[in-house]
Amino acid sequence: MIDTGWLWLVIIALGAGSFLLRFVFLGLIGDRPLPPWILRHLRYTAVAVLPGLVAPMVVFPPATGGVPDPARLIAAGVTLAVGLWLKNAIGAILSGAATLYILLYLLG
Amino acid sequence: MTTETTKSIFFKGVRDAAPFLLVVGPFAVLFGVVATQAGLDAIEALGFSVAVIAGAAQLTALQLMLDQAPTLIVLASALAVNLRMAMYSASLTPYLGQAPLWKRALVSYFLVDQSYGCSILAYELHPHWTLRQRLAYFWGTVAPICPFWFILTVVGAKLGGSIPDWLALDFAVPITFLAIIAPMLRTRAHVAAALVSVGMALLLAWLPYNLGLLVAGMCGMITGAEIERRLVIKGAWQP
Numbered sequence: 001m002i003d004t005g006w007l008w009l010v011i012i013a014l015g016a017g018s019f020l021l022r023f024v025f026l027g028l029i030g031d032r033p034l035p036p037w038i039l040r041h042l043r044y045t046a047v048a049v050l051p052g053l054v055a056p057m058v059v060f061p062p063a064t065g066g067v068p069d070p071a072r073l074i075a076a077g078v079t080l081a082v083g084l085w086l087k088n089a090i091g092a093i094l095s096g097a098a099t100l101y102i103l104l105y106l107l108g
Numbered sequence: 109m110t111t112e113t114t115k116s117i118f119f120k121g122v123r124d125a126a127p128f129l130l131v132v133g134p135f136a137v138l139f140g141v142v143a144t145q146a147g148l149d150a151i152e153a154l155g156f157s158v159a160v161i162a163g164a165a166q167l168t169a170l171q172l173m174l175d176q177a178p179t180l181i182v183l184a185s186a187l188a189v190n191l192r193m194a195m196y197s198a199s200l201t202p203y204l205g206q207a208p209l210w211k212r213a214l215v216s217y218f219l220v221d222q223s224y225g226c227s228i229l230a231y232e233l234h235p236h237w238t239l240r241q242r243l244a245y246f247w248g249t250v251a252p253i254c255p256f257w258f259i260l261t262v263v264g265a266k267l268g269g270s271i272p273d274w275l276a277l278d279f280a281v282p283i284t285f286l287a288i289i290a291p292m293l294r295t296r297a298h299v300a301a302a303l304v305s306v307g308m309a310l311l312l313a314w315l316p317y318n319l320g321l322l323v324a325g326m327c328g329m330i331t332g333a334e335i336e337r338r339l340v341i342k343g344a345w346q347p
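Chains as they are written, first to last, in this note's numbering: chain A, 1 to 108; chain B, 109 to 347.
A couple of the hints might just be wrong.
[To be verified] Taking lysine to aspartate or glutamate and the DMTMM-like style, the derived pairs with C-alpha atoms no more than 20 Å apart in a straight line are:
{"no.": "1", "chain 1": "A", "residue 1": "87", "chain 2": "B", "residue 2": "221"}
{"no.": "2", "chain 1": "B", "residue 1": "266", "chain 2": "B", "residue 2": "149"}
{"no.": "3", "chain 1": "B", "residue 1": "211", "chain 2": "B", "residue 2": "221"}
{"no.": "4", "chain 1": "B", "residue 1": "120", "chain 2": "B", "residue 2": "273"}
{"no.": "5", "chain 1": "A", "residue 1": "87", "chain 2": "B", "residue 2": "124"}
{"no.": "6", "chain 1": "B", "residue 1": "266", "chain 2": "B", "residue 2": "152"}
[To be verified] Just a few of them, taken from the derived set where beta-carbon distance is under 8 Å, the chain B residues facing chain A:
{"no.": "7", "residue": "178"}
{"no.": "8", "residue": "286"}
{"no.": "9", "residue": "325"}
[Stated by the list, open to error] The following label-pair restraints were derived from C-beta to C-beta distances:
{"no.": "10", "chain 1": "A", "residue 1": "63", "chain 2": "B", "residue 2": "291", "range": "23 to 31 Å"}
{"no.": "11", "chain 1": "B", "residue 1": "344", "chain 2": "A", "residue 2": "90", "range": "31 to 39 Å"}
{"no.": "12", "chain 1": "A", "residue 1": "12", "chain 2": "B", "residue 2": "319", "range": "18 to 26 Å"}
{"no.": "13", "chain 1": "B", "residue 1": "339", "chain 2": "A", "residue 2": "5", "range": "45 to 53 Å"}
Honestly, the hints are just simulated from the structure, not real lab data.
Nothing here was measured: the structure is a model prediction, and the numbers come from that model.
All C-beta atoms in this analysis are idealised placements derived from N, C-alpha and C, irrespective of residue type, glycine included.
Model the full assembly from the supplied sequences, consistent with the hints where possible.
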């Protein structure tokens, strides 16, 4: 379980940090231009961090004690494929969830 | 377009951002549910959503706290997920940089994927808008998104305990993230950044405190930036 004092410390620090990231250029830097190499790296943060966060959850799911699970692997694949194909997050989530439930039902 | 009033521009923002509620809404409910299952009450879940307003970072922090990672690792990983907000901030500065400081601070607080995405597109399409009209549009995009982010977090937290096991909710988080990632993979540089990140994260999954994620994220960023740089030099870059 998460300790309450610790939780609020993280909430407040994360809130402050997130605000500073949003405010840093708009509020503090103003109209001065940024070095292109910084912008180039910032462009790839989301696409570099989120897949690394998801990959272990997909391959070593905690629900099966970290053992790779065919239903979850296939559901993840379908979600990604539909997302790439339709460029639509809702469609991807619904197809992934449907795949997962059907496979969990079939594979017991 | 001489008929545009500040009010009509506000409602244009509302209309443009409203469809994103279909993605944001379920994500907020999911965060509330996951937070309750991690032992948070509704007030704590809402506190998270109000302080941070960024689902991916909130879920990252929660996941790492459940793994009992040290505070610095929790903050560094969740803030790394939010680094893109700094890019949003930089890219809106030419359009909103003239506003008074308190307004820029308020815009910063509400700067989320959807308000940014709609606004930057509208500002590029309507270069004649005054600062007042640009701000009106921005508030229009915030209105159908952010209040629901708060409300639906609480709804999820109230539902939390009553979700049955067979719903396999453990997998809702990865599925939601995958659905968010897929449309981001627009260029070869983005795909390479994601692949490097996945490979490194799996190879380094044994490291304590999810340190593997920080290393994987940094390697992915450097990969994406480097490929973009080389494609630009070759003249083959198509953003």
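When the structure is checked against the list of hints, which entries are broken? Sort them ascending.
The structure breaks hints 4, 7; every other hint is satisfied.
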